[in-house]
Structures are given as C-alpha cells and as structure tokens.
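Both chains come to you apart, so use the hints to assemble them.
Order-wise, the sequence lines are chains V and F.
Position 160 of the first sequence, counting from 1, maps to 160 under the working numbering, and the rest follow consecutively.
Offset between the second sequence (1-based) and the working numbering: plus 227.
The set of hints was computed from the structure by calculation and includes no laboratory data.
This one's a predicted model, so the numbers in the text were calculated from it and none came from an experiment.
One or more of the hints may lead you astray.
Here are the simulated PhoX-like cross-link-like pairs (lysine-lysine), alpha carbons at most 25 Å apart as the crow flies [claimed, not checked]:
1) F/Lys461 x V/Lys159
2) V/Lys209 x V/Lys154
3) V/Lys203 x V/Lys137
4) F/Lys484 x F/Lys406
5) V/Lys145 x V/Lys159
6) V/Lys145 x F/Lys461
Stretches of chain F that chain V covers, calculated by requiring three or more beta carbons in the stretch to come under 8 Å of a beta carbon on chain V [what the hints assert, rightly or not]:
7) 422-431
8) 435-442
9) 450-457
All C-beta atoms in this analysis are idealised placements derived from N, C-alpha and C, irrespective of residue type, glycine included.
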Amino acid sequence: MGKGRIHIFIIEDEPVIRRELKVLLENAMYRVTTPDVFDRIVSQIVECRPDLVLLDVNLPGISGFDICTCLREQSAVPVIFLTSRTDSMDELNGILMGGDDYITKPYQAPLLLARIASVLKRTRGTEEKEGTLPVWKGVQLDTAKCCLFVQEQKAELTKNEMKILHRLYQNPGEFVSRMDLIEYLWENRVFIDDNTLSVHITKIREKLKSLGVQDFIETKRGIGYRI
Amino acid sequence: MRLKDFFKDKGLLLLLHLVCMGAGSGFLRVTGYSKANVQIILIVWGLLLTVWFLVSYLQRRKYFREMERILETVDQRYLLGELMPSSARLEDRLYREFIRKSNQSVIERIRQTEEERKDYKEYIESWVHEIKAPITSIALLCENRRRGRQEEPSDRLTEAEKPEEERMDFLTIGLENQKIENYVDMALYYARSEEVYKDYLIRETDLDTVVCEVLEKNRLLLIRNQVRAEVDCKDRVYSDRKWIAFILNQFVQNSVKYRSGTPVFRIHTRREKNGVVLIFEDNGIGIPGEELSRIFEKGFTGSNGREQERSTGMGLYLCHRLCDKLGIGLYAESEYGAGTRLCLEFPISNYISREETA
Numbered sequence: 001m002g003k004g005r006i007h008i009f010i011i012e013d014e015p016v017i018r019r020e021l022k023v024l025l026e027n028a029m030y031r032v033t034t035p036d037v038f039d040r041i042v043s044q045i046v047e048c049r050p051d052l053v054l055l056d057v058n059l060p061g062i063s064g065f066d067i068c069t070c071l072r073e074q075s076a077v078p079v080i081f082l083t084s085r086t087d088s089m090d091e092l093n094g095i096l097m098g099g100d101d102y103i104t105k106p107y108q109a110p111l112l113l114a115r116i117a118s119v120l121k122r123t124r125g126t127e128e129k130e131g132t133l134p135v136w137k138g139v140q141l142d143t144a145k146c147c148l149f150v151q152e153q154k155a156e157l158t159k160n161e162m163k164i165l166h167r168l169y170q171n172p173g174e175f176v177s178r179m180d181l182i183e184y185l186w187e188n189r190v191f192i193d194d195n196t197l198s199v200h201i202t203k204i205r206e207k208l209k210s211l212g213v214q215d216f217i218e219t220k221r222g223i224g225y226r227i
Numbered sequence: 228m229r230l231k232d233f234f235k236d237k238g239l240l241l242l243l244h245l246v247c248m249g250a251g252s253g254f255l256r257v258t259g260y261s262k263a264n265v266q267i268i269l270i271v272w273g274l275l276l277t278v279w280f281l282v283s284y285l286q287r288r289k290y291f292r293e294m295e296r297i298l299e300t301v302d303q304r305y306l307l308g309e310l311m312p313s314s315a316r317l318e319d320r321l322y323r324e325f326i327r328k329s330n331q332s333v334i335e336r337i338r339q340t341e342e343e344r345k346d347y348k349e350y351i352e353s354w355v356h357e358i359k360a361p362i363t364s365i366a367l368l369c370e371n372r373r374r375g376r377q378e379e380p381s382d383r384l385t386e387a388e389k390p391e392e393e394r395m396d397f398l399t400i401g402l403e404n405q406k407i408e409n410y411v412d413m414a415l416y417y418a419r420s421e422e423v424y425k426d427y428l429i430r431e432t433d434l435d436t437v438v439c440e441v442l443e444k445n446r447l448l449l450i451r452n453q454v455r456a457e458v459d460c461k462d463r464v465y466s467d468r469k470w471i472a473f474i475l476n477q478f479v480q481n482s483v484k485y486r487s488g489t490p491v492f493r494i495h496t497r498r499e500k501n502g503v504v505l506i507f508e509d510n511g512i513g514i515p516g517e518e519l520s521r522i523f524e525k526g527f528t529g530s531n532g533r534e535q536e537r538s539t540g541m542g543l544y545l546c547h548r549l550c551d552k553l554g555i556g557l558y559a560e561s562e563y564g565a566g567t568r569l570c571l572e573f574p575i576s577n578y579i580s581r582e583e584t585a
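Just chain F, with the same shape it has in the complex (with noise of 0.2 Å):
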C-alpha cells in the first residue's frame, strides 16, 4: 500500500473537507470573523486533518502488511480467514467474516475431493490387486498348457501340427496377459507415484540381478521379437527394487516396440564420481532430434508412437515421475534411425560412502 494509492482511496474525504473548509471560513467571513482568526482555524483543521491522514495510513498499512505477510509464509493460502489480523474496525471485521465464511466452503470443498481421490486410489490399488488374480491364473494356465508335454517329451515331435498351433495359441493369450499386467502395473504405479515414500523399501540392490529378472520376465515377447541382449551391470545401488524394475520394464516395452531389423539391447552399468549410471541402449528407429525433450511429458506420443503402434505416452512420463520422487536421474540420448540410449544415474550419498570406504 503506497501513500499515494492511500490518498487516491481518500480522494472523495478529502474533497468534502475542502468543501467544508470552503463552506465554514466564506460563512465565518460574512458573519464577521476576521481574516486571521478564520486563517487560524483552517491551519489547525488542515493540520489535524493530516495527522488523522497519516495515522490512519500507518495503521492501514501495518494490517496490510501483516496480512502479506500471512499469504507468503502459509502454504494453503486458503486459510487466511482464520490467520486475519483481529481489527477494531467495523469494516475490517465485517470483511474477515466473509472471507472466513468463503473459505469454509472452499475447505469444505477441498477435503471432499481429497476424500473422494483417497477413496478412488484405495479402490484402484485394490482392484489392482483383485485383477492379479485372474492374471496369474491365465499365466499359469498359458505357461502349462504351452509346456504341458514336457513330461511326455517323446510324444512331442511325433504329434500333428495342431498342437504346436495350440502352442502358439497360448503364447500367444500369455503375451497378451503380460500386455494387461503391465497397463495394470501402470496405473497402480500412477496411483503411487503420488505418495512414493510411503512404498519404499531401500537396500542394497544388485543391478544385474533386476535388469535379468526383467528380461527373463519379458523373455517371450523379446524372443518372438529376435531380439539379442547383452547385459553387464556389476555394480550394486541403494534403491527400491520394485521402482526399478518397473522403470526397466517400461525401458523394455518401449525398445520392443521400436525396434529395427536385428534389436540389439544392450544394458551396462558405469561407476561414476558420485553415483552408478545404467545404461539401456538399443539400436531401434531412435526418436527424432525435436522430440527428445519431449517424450518424458505426460501423453506424448512422437510420430513414433503414432506411426508404429498405439502409444499412451505415460510409460516414460512415469518414469520421469517415479524417478523423480526416488533422487534418480533420468535422460534420454538417441540418434534418429540409429538407436536409443536411456540412461539412469543413482545417486551414491554421503552417508553409505562414507561407510562403505571406512
């Protein structure tokens, strides 16, 4: 609050002072006032006129100011009706219980939606969990009936072609049961990533270990696709297996389905000054130069998404997500028609590195 807006408020007062002034000394002046005593008054007037002005000005601007003050230091502004300043002021206090009133309704609003979103992400998470069952049961049931004779191995080759197409039949069914566990995965990683810190558990996690046990689990899709990968990551971080994992998979989701000729993935760990990066390379159609700062947004697809296969763009936005909350470093570097390299750098901090050099 500047004076001069201060004034600017106060014109329409001041003017009927003047006018009063104006008024008062001419009517003081015809009934005989001399010119002095009636100059003597409009000093005294004019001067408690600007002390009350400035007084007042300082009180208004210590409110304001307080209530600034309020606004910046607390995070949900909406509580301001509670945290006003108490005034004496009729106005003042008239205003307070407006905004106070206002801003029950806004809280009242608020806690609803947030109770509302609490209860469709607890209802999500168990749904997630419902539907693991039947996903299992079909994993199951694909991965027997397409190795059921394998205790009959003799039979095997001596039987018709029928059953090998009844084979492919249920690799193909268990693929496509991997395709919804992993769209299942998706959104109860995007119901989570919210509140990542209430799911973690961090230990000491051997890399090489995840990165085969994500391969191993995508075998089928990632040998009917050819593809040839070479794995080498010896070095071990602290971090949340599950995360990883997760992440990886979405790495491999997306390198099978932009995939060249021969895929090649290569995966390698590389020990730096502060932290171990892991590398996921492959040697796919690469994402054009313009589009690589963006394929971690939510939703975008590229031309590649649009040209190849359905895309949902949130495969790596959620990673870019999960990885944020964990402390990982995410980047991407590719060459059009060359490849892509996904890179992630886990932190080493101070504490374990200390410990672990003592």
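So that you can see chain V by itself, here it is in the shape it has in the complex (with noise of 0.2 Å):
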C-alpha cells in the first residue's frame, strides 16, 4: 500500500516514550526517525525529509512551538504536537503556530495512529482504500457497498457485521482472538460485548449459507475465530 515507505520523525526527549513511541509506529509499519541531540533539530528535519513530525512542546532548553515556527519557514511538513500540558492556550498556540493536529499525553496507541493517519490524508491524500477488492476462499468483501459476493450473489452486511468480517480478512488463514476482535471493534466505534459478538458471528454465518458457503468462518473454543 505504500504505506511502508511513510517516514515519520519523532522529536521526544523522554528516552522510554521516544522508544516505545518507535516500536509502536514500527509494529504499525511507518519508517520511524528518532534523534537524541536536539542540536541543529530544524536541519535535522528538513534534511531527512520526513513526510510527518511528531513534535513534543517540552524540550530541554526548547520549546516545540519554536521549532514547529523555525521549521514552518523552511518546510510545510504535516506537524503533530504531543504534549503534556492540556491549557486551551497551549493547543490554540500549537496550531497558530503551525500544527496540524494535537494530541494530549498520556495518549491512547490507537487513537494516536488514527489521527495520525488522518493528517496523512489531509496532507497527502493516501487513501487507505485498496485497488482490489480482498477475496478469500472465493468470497468477496466490499467495504464500500457493504456487502458480501459469492461469484455473482450478493448479501448485506450490516456495519458492525462489515467491520467484524473487515478484521478477519486482514488476516486470512490466521486466528483472531475474541479479545482482538473486540478491541478492534471498539477502535472502530463498534462498542459491543462477548455475546453480541457471537450472535453478530452466527449472523454473518446464515448469510454466507445463503449464498451456499458453509464453514468459511472457522471456530475455535477460548481461542477466536478464523476464515
């Protein structure tokens, strides 16, 4: 998707969130910068041409907002301020200043990615959309129309039976645990316990035999669900 190639640099001076801060961006398959020298930090930036800052406002000696205002003369690079202070008139500085989003500490790993993402497509226009639509075992998932194909036949999907099956084909022939498939949900506004879950599951089954696939969504007991 490209996405790979996304180059994110974090200005942080607090060592173990600079650290995790890297993995988790890693794990989320951005290329990650992260200096430990603050010297010459506007250079730094401009040099290694990154396609998103992460910028914390306290530094040693600096604050974010100076080099968020330095940067801004030489670079339109997308800018998110991460801080710890939560003053309306820190965030209201962080975006006349030249930000475009800002993100209290301490901050939650998914929302953190999704606004990511989000001033990645303000900014750049990717468009997290594939080209094709993902087919498995020769059932067909369109996240657009809603809806599930079995060659030429067709059922509807409701949202959260949609975002249900939209985990489980990202990754096919895998198991996804209940707890994962959960929390994905809840990361995507679907906020619904154990058992709902499992009548959404049965659901999504009846309308696959409808279309005459049996077993597609595989169970296994205190594990999770696979396709």
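Here it is, written out as structure tokens:
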C-alpha cells in the first residue's frame, strides 16, 4: 500500500517514550527516525525530509512551538504536537504555530495512530482504500458497498458485521482472538460485548449459508475465529 | 442606630446633667434666687441639652449609616479600615486607626494565604504535567508488549500459555495505569475548577466524537467488564471538548464501578427547545432514592460506594462543579436496582442560534 515508505520523525526527549513510540509506529508499518540530540534540530528535520513530524512541546532548553515556527519557514511538512500540557492556550498556540494536530499525553495508541493517519490523509491525500476487493476462498468483501459477493450472488451486511469481517480479512487463514476482535471493533466505534459478537458471527454465518458457503468462519473454543 | 438606644447609651451623661440641675437649683434657691429665675435657668439648660443631644444623635446616625453603606457595597469588608469616613472626633479617629491596623494584618494574612495557595496550585499543575510523562511511558510500554507479537501473528497461537498470561499482566498494568491517570486528571481539574474561564476553548463540538473517544479510551476496562455501549449523539454543541470528555469519563468510571450482570450503556442526545441534552444511561445497580439528591456533594460515597468499591466521592462532585462553571445543567435520575441516568444540558445561546437560523 506504500504505507511502509511513510517516514515519521519523532522529537521526544523522554527516552522510554521515544523508544516505545518508535516500536508502536514501526509495528504500524511506518519508517521512523528518532534523534536523541536536538542540536540544529530544524536542519536535521529538513535533511531527513520526513512525511510527518511528531513534536514534543516541552524539550530541554527549547520549546516545540519555537521549533515548529522555524520549521515552517523552510518546510510544509505536517506537524503533530505531543504534549503533557492540557491548557487551552497551549492548544491554540500549537495550531497558530502551524501545527496540524495536537495530542495530549498520555495518549492512547490507537487514537494516536488514527490521528496520524488522518493528518497524513489530509495532507498527502493517501487513501487507505485498496484497489482490489479482498477475496478469500471465493468470498469477496466489498467494504464500500457493505456486502459480500460469492460469484454473482450478493448478501447485504450491517455495519457491525462488515467491520467484523474486515478484521478477519486482514489476517486470512489465521486465528483472531475474540479479545483482539472486540478491541478492534471498539477502536472502530462498535461498542459490543462478547455475547453480541457471537450473535453477529452467527448472523454472518447464516448469510454465508444463504450464499451457499459453509464453514467459512471457523471457531476454535477459547481462542477465536478464523476465515 | 435608634434614638432609644442612643439615649440609653447616653444615660450616664443625662443622669449627670440631672444631678447638676438638681444641685445647682438647690444651691441657687438657698442663696436666695427666686423660684421663677431658677425655673428659667432649668428650662434653658434643658433646651440646650435637648438640642445638643439631637444634633449629636443626627451626626452620629449619619456617620454610622455611611459606614453601614460602605460595608454593604464593598465586597471585601475587611477593607473597611481604609474606607471609613473621616471624623473630627477623637474616639472615631482612634478607632479608625485601630481598625486599620487590624485590617492590615488581615490583608497581609490573606495575601500570604493566596500566594501560598497559588504556589500550591501551580505546583499541582506542573506535577500533573510531569507525572504524565511516566504514565505515558507505562501506557505505551504496556500497549506495545500487549500487542507486541502482532507483526508475527503466525507464532501467536502456537506459543505456550505463558505469553498469554504475560499479555494479561500487561493488560492489568495498563488498566491500573489508566486508573492512576484518572486520579491525576481529577487532581488537575480540581485545581483548575476555580478558574475555569482561564482554560476555555469553546468551539463547535461534535458530541459523537467526544463520546466515542471516551469509550475508546476506556475500551480495555469496558471490554474486560463485558460492557456493551450504544451511542447515538447526532447533535452538536458549543462547549469545551476537554472538559466534556473529563465529565463523561467520570460517568463511565462510575457506571463501570456500579454495574450489573450484563452492563449496557446508552448514550444519546436529544434536541430541546433551548438546548441539547446528552443522556448517559446505564443499567447498573442504581442509586437509592434518599441518596439521589446528595450524589453531587463533595465526599459523598453513599451505600453503593461503601459496599462496592472504594469511592472517594469526588468524581461527581467535580462534574457538578465544572458543569456549574461551564453553564451546563447536570442532573441524575435513578431507579434503585434498575439503572441510573445522568443528563447534561447544553444551552444554546441566543447569539449562536440566531446565527444558525440566519
């Protein structure tokens, strides 16, 4: 998807946060640069030509706002401020200094990733949408139309069912634990519990059955589901 | 100051005059003055005395009325010493001096206390910001360790149980870390609730986004407690996102604490004549009727709080306080044993609604 090439530059003075942020973003398939000295930081950024900068506001000896102001003179790279301050004034400042978003610590990993993705989408026009619709074992999932296709037959899906299948289609052939599945759903604004998940799975199975597909979703007790 | 009280106060002086009058007229009579002459002297004396008393009564009344007026109109009454009307009388001047000195020490003390309080508040704020760095580190660490093996998912299920246990441990640490975060936030918002106006950023706010963010933030806690949530918040309001998120977060914490067997949260908005109401409904254990009116009091824990889990009685108190400052209505309805409903009423200001219709 070309996402792997997206380069994120992290300016954060707290070593543990820096390391963990790097891990988090690398797991999310970004390329990450994390300098640990902040001398001539602006030229460091400009030389690296990143696609996005995550900028801590409170750095030793210098404020992230100042860095952003300097950076803006040379580059239009999107900047997301990370800060433990929660003043409204700070937030306003961040936006006035040319920041694209402002996230307060302690941030939630999925939320952070979502905000990064949305800033990238806004500034680069990178669409997450895949060109081809995912097909697995002859069943095609159309996320745009929210339905399933088996050959020419079609079954409508509800929003929740679609999201469940979307997660399963991300790792075809592998088990996705119920916990992971539910967590993915909560991150995508489907706030359901374990029992409701089972109900949804049953409904998806019925729909698949009506399309003549049996045993498409496999259950392993105590572990999860697999397509 | 009433006339009666004034004369009572001057009783001794009056008595002195009467004694002098008696003694004087007795002496004059003995030394041969006629009765008529003595009567004239007494009448003139009496008249002069009455006029004297009346004039001084009026003067005094004016003086004290002025003082009362000052006390009523000034909002910091300890400043009286500086504002007292000047007077030619020695006593007044002396009292004024005493009051002024005493007030000065009060002012000094107040200033000092305010200074200390401000220092303390600033310290709390900076402490909160400092502690957020380690909280962030722990949160990220847990999140990465918990999800860590997602890059090599094929190994995941073949691995022994131990890593699964480890994952659960990191989940638990993460959850405890979130509790710390919430307590820290409460301290910060409590310190700030005095001067909310300094930290406003009122803008059009999509309640749906705020509600979803709060639920997402608490997803691990909510999933672990088997919560199901239904969100239907189409309306937008003009308010400060951060403060609403804090208030909603307290609602979520409470509803999880006092949940029932199969917890369901229903969060929806309703547009009303002069505002938008956000309703946060759960099917938890509810609040006994006699306690309902007290849940927003500081330190009130109620029978639920004592039986279920440790409760500080601060969460809803803070919500109430913040809502007051933000101009948001907050009220609760509950059926004991069936659930609780908390409502936030966002007013639509005339100015904005006029613009919308225009």
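Now for the hints, and whether the structure bears them out:
| no. | hint | verdict |
| --- | --- | --- |
| 1 | F/Lys461 x V/Lys159 | 17 Å, holds |
| 2 | V/Lys209 x V/Lys154 | 12 Å, holds |
| 3 | V/Lys203 x V/Lys137 | 19 Å, holds |
| 4 | F/Lys484 x F/Lys406 | 12 Å, holds |
| 5 | V/Lys145 x V/Lys159 | 10 Å, holds |
| 6 | V/Lys145 x F/Lys461 | 23 Å, holds |
| 7 | 422-431 | holds (count 3) |
| 8 | 435-442 | holds (count 3) |
| 9 | 450-457 | holds (count 6) |
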